[in-house]
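Asker: What follows is each chain in one-letter form.
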Amino acid sequence: MSETKDKAKIKEAVKRRKRETYTPVVPDLQLGFVHHNVDCIGCRACEIACKDKNGLAAGPRFRRVQYIEGGTYPEVFAYKVNMSCNHCETPACLPTCPTGALFKRKQDGIVDIDSTLCIGCRRCEAACPFGAPQFDPSDNLVKKCNMCVDEIEAGRKPYCVMACMMRVLDIGPVEQIWNGELQSVAIGPNDEVSRQVQNMADVELTKPSIGFIAHSKGKVK
Amino acid sequence: MSTKQNEQDILQRLNLSRRSFLKSSAAGGAAIATGGLVELQTAKEARAFAYEPYPRDDQLETVVTSCAHNCGSRHMLVAHKWKDVIVRLSTDDGRYQRNGYFGKDSNEEPQLRACLRGRSYRQRLYSAERLLYPMMRVGERGEGKFKRVSWDEALDQIARKMIHLKDTYGRTALLDQSYAGASYGVLHKSDQIEGLLGRFLGMFGSRTSSWSVPSYQGTTFSSRMTFGTIEDGNEDDAFAHSKLMIMWGWNPAYTFHGGNTFMYMRMAKQRGCKFVLVDPQYTDSAAAYDAWWIPIKPNTDAAMLAGMAHYIFTNELQDQAFIDRFCQGMDAGTMPEWAQGKENFKDYILGTYDGEPKTPEWAAKICGVPAKDIKKLADMYAKTKPAALKASWAPGRNAYGEQYNRMAAALQAMTGNIGNLGGSAEGVGKAWHAEAVAYPYDQYANIWFQAIKSDRWAHCVLNYPNVKREEIGLWQREDETDGQIPNIKGIFWQGSDWFNQLTNINKEIEAINKLELVVCMDSTITPSGLYADFLLPIATHFERHDVALPWYKGHYYIHRPKVIEPMGESKTDFQVFTELAYRIGGDVFGKAYNPKANRDYFHVNDNVDEAYLREWWDTKVIPHQHVNMSWDEFKQRGVYKFNLAQPHVAFRDQIENGTRFQTPSGKIEILATSLAQITDWKKTMYGYEIPYIPKWIEPWESLNSPKTSKFPFHLISPHPRWRTHSIFNNCSWLRETYEQEVTMNAADARKLDIKTGDTVEVWNDRGKCVVPVYVTERCMPGVAVLHEGAWIDLDENGVDRAGNPDMLTLDEPSPAGAFAYNTVLCNIRKTDLEHRPGWDKLATSRAHVFRRDL
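Protein sequence lines, in the order shown, are assigned to chains E and W.
Quick note: the first sequence uses our numbering, first residue 211, plus one each step.
Quick note: the second sequence uses our numbering, first residue 630, plus one each step.
Since the hints were derived computationally from the structure, they do not count as laboratory data.
Hints should not be assumed to be uniformly reliable.
[Said to hold, decoys possible] One side of the interface only, derived from the structure: several residues of chain E facing chain W at Cβ under 7 Å:
| hint | residue |
| --- | --- |
| 1 | V236 |
| 2 | I258 |
| 3 | A268 |
| 4 | P270 |
| 5 | I278 |
| 6 | T282 |
| 7 | Q317 |
| 8 | E402 |
[As the list claims (entries may be wrong)] Some chain W residues near chain E, calculated using beta-carbon distances under 8 Å:
| hint | residue |
| --- | --- |
| 9 | I639 |
| 10 | R895 |
| 11 | P924 |
| 12 | L1091 |
| 13 | D1229 |
We treat Cβ as the ideally placed atom computed from N, Cα and C, and that holds for glycine.
Given only the sequences and the hints, what does the whole structure look like? Please build it.
Answerer: Here it is as structure tokens:
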């Protein structure tokens, strides 16, 4: 892959990147994910759908269903926290990129990466508190969830959402997710959406565009 | 474009509400063309889509098909292909059905979304283990040395050998081990009874069939005895109406049983249904449905159910009106005339006959569940209406597993939770009835000359002729061959990896070396295949024309066109059998086997397959099931979903209208008429006595037996989520999300100084395997959990490094035929032996088997 890179173009991008002061993009509308931590059966169909959609080999995982369990036998509990890229309001990855390959889309707030500019330096990977950027050793590139922009542009939803057998993963304008206005079967009749759950990096770091229906043991006061 | 407009546009595109969707489709394609997001760019912004060149779904050809493996479900797959290559798969999104649109997902016609296994099909299809050419063994069995041969040579040799074996050893020489791994379609079918292989070998005139079903024979027996049918299931949407659901050994979060069962159960939870899980493990199902977990010792379920029955009877909580009207042998009042002097269920429970009342306290000592919890659950189950006791298959895969299922059916009946919406009579749980067979299913179908319990073949081969009929569960015959022990000299595997999947693998290895012909027909090299003489490459369901039907629950058909051309020299199994028939018996056999085909079928099969399927649709589906969609429209859409007037509930007609049950008495038979009349058990396929009412019988090994001093852990081997039995074990996507590992309780692990990630050996007198360990509080002490289906990988000492639990299981089935997969004691210790998790690290590398001539 690297042989086919346009080196002049990358050099130009680096120069431009140095010239410009980074001003965060304020999107017209911010899309985000919502996930029900309790009702999710943890089957990972979303993960596999994502791998297939993005043509990834074993290794990089854009979407990660995390299993949390605790308690002492026989009083135990378990729930799932499902995350890919949180398409943050202030992405930590973006300013670290030396070539400006990472960008945030104005129209929907999706954070994407231009693979023709990525040099595989993996700085973004280190910067992200949620582990979203994934290094793919097969072509020496960092890749990440782009919320299936091609599907969104075609009037559909991302592969992971459409794969969810339990219908507990969805997308929508993140303000609507947070204030409970989003019409989605992912959110049950009496469910409250929270921005922060246990063991997740502080949302104030990057303001991730994601909401959860938290497990009673996963709630943050 | 203004910000506001842009926002509107996205909302519409996301189809966030039905109304906004309609608005956007009314506007038509023009709006999309002019308002496209791609146009919106600033100088700084890169392309809207970063991974160019990247074919988008709409630039690819879309073909609706389905998954096809043997998992208890069936979902839609949508292939997006470029020329003859499937680029990616998606699933049902509501667009393909009649009156469908993107996002349509109603309660009546929900989307049929594929699970993680279905979504990883491309890895299986294009795997390095894909079998592309006919191969012939050149090394020892199991060694994995093969050479490539032509179809002509392979089929000639197989045909000659078949004739030789039949002439020399007779009509029982060839063992049919077909199973549903390859296809649950209507035309290219692999199955014990309805399969293509069974019809082929039956017509050929040499076939020993395998009659017991590994997954649920105990349950099948119970459903047949109690209700007279295995169609004792409700459709998945009925689950949304329960007030209480007891998941007994049932983990739908792993098995995805039936269409959308798990989703409707979520709906029940939102409506206030309470969930209970009786299981040695706190499963993901327990977590998702917030269930009350009752840990129970494996293989003691019938005792706990008896304790519950005792509580219900002694507190007079039973539905006596229901019992009096619908049951036989529940109590003294429901005993038939002819059975005077026989035992009834209530008096058995109360201890009238043996002086041992089956009290909750009695049960607690056996099953390890405190008596107060047994009483509490019994009270909840008797008082909550409607309540579903979902008696799953796993606890039935045990020594006397049928007693557990029979006992559960008795509880379902005594509480009157049968035939009502929100109740459950499951059991097997098959619900809606599909038209299942499109190939010629005639007087030649399922001809057999002897039939044995499926996991007794090795015993039969190794001990022939000194085998007693009851040892192998010989099915009775009406002619002079009744009782003759089959002289098995060859095996055919069609859509089956049974060598890897049946019990006591070490015994199988010993037995297979006594055979003269082993043929494996598969699309993939399997562990079984390594022991075959011939490997025949069979086209997958992506490479042949068929129709998928739901297996267990769900009411729909999905069209399965030939999405791509068969890879390599693959042929369909129907083509192979037809060609073999021509080679063995000329036009007479060939034409009789495949009446619509000519000799050239081996090379051209499209028109013939189409003719069978069209005929099936026109003469069976349309008239029998009142389907008002033509075959051509069905092909064009890809799916037909039935819209039932009300949720299908098993036995509704019997309960509401008094129709007879399909049992001899026409009632729910707690006392089984047919069992009560058997005098010579040796002459039945069971071989050994089975009580005519449900009873607790001590299994041959459990945590209560003295053997625990040597083998202190009870090993259970449930169905994994990341494989369908052994299928998909070679998919790296699935292997990176789940590991083959033995799960054990944290306190047990501390005693053995074992931590998560350590490698352990798990062993007993029958065999040994090596796996990593997962230590958790979610598992009952004394229990070890190792999922079935890992591909065996033996080292020089015969130790399985992949972690297949069937190295340890016993090939001694329960009298009713239930495989005793979960009746296993074992020991565990830390080891220095290396675990080998997948094909790429196997002792016998699989890839070279196909790609090189040795």
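Asker: Take the hints in turn and mark each one as holding or not.
Answerer: Against the structure, the hints:
1. Interface restraint check: E/V236 against chain W, minimum CB-CB distance 10 Å, threshold 7 Å, status violated.
2. Interface hint at E/I258: satisfied, since its Cβ lies 4 Å from the closest Cβ of chain W, which is below the 7 Å cut-off.
3. Taking 7 Å as the C-beta contact cut-off toward chain W, the hint placing E/A268 at the interface holds, the least distance being around 4 Å.
4. Given the 7 Å rule on beta carbons, the hint for E/P270 is violated: about 10 Å separates it from the nearest Cβ of chain W.
5. Interface hint status for E/I278: violated, as the beta-carbon distance to the closest one in chain W is roughly 10 Å, over 7 Å.
6. This hint holds: E/T282 has a C-beta 5 Å from the nearest C-beta of chain W, less than the 7 Å allowed.
7. For E/Q317, the interface hint holds, since its Cβ comes within 7 Å of a Cβ in chain W; the closest pair sits about 5 Å apart.
8. Against a cut-off of 7 Å between C-beta atoms, the interface hint on E/E402 is violated, since the closest Cβ of chain W lies about 14 Å away.
9. The restraint placing W/I639 at the interface with chain E holds, with a minimum CB-CB distance near 6 Å, inside the 8 Å limit.
10. Interface restraint check for W/R895: the shortest CB-CB distance to chain E comes to about 5 Å, inside 8 Å, so the restraint holds.
11. The beta carbon of W/P924 comes within 6 Å of a beta carbon in chain E, closer than 8 Å, and the hint placing it at the interface holds.
12. The criterion of a C-beta within 8 Å of any C-beta in chain E is not met by W/L1091, whose closest approach is roughly 41 Å, and the hint is violated.
13. Interface hint at W/D1229: violated, since its Cβ lies 37 Å from the closest Cβ of chain E, which is beyond the 8 Å cut-off.
Checked against the numbered hints above, the structure violates hints 1, 4, 5, 8, 12, 13; every other hint is satisfied.
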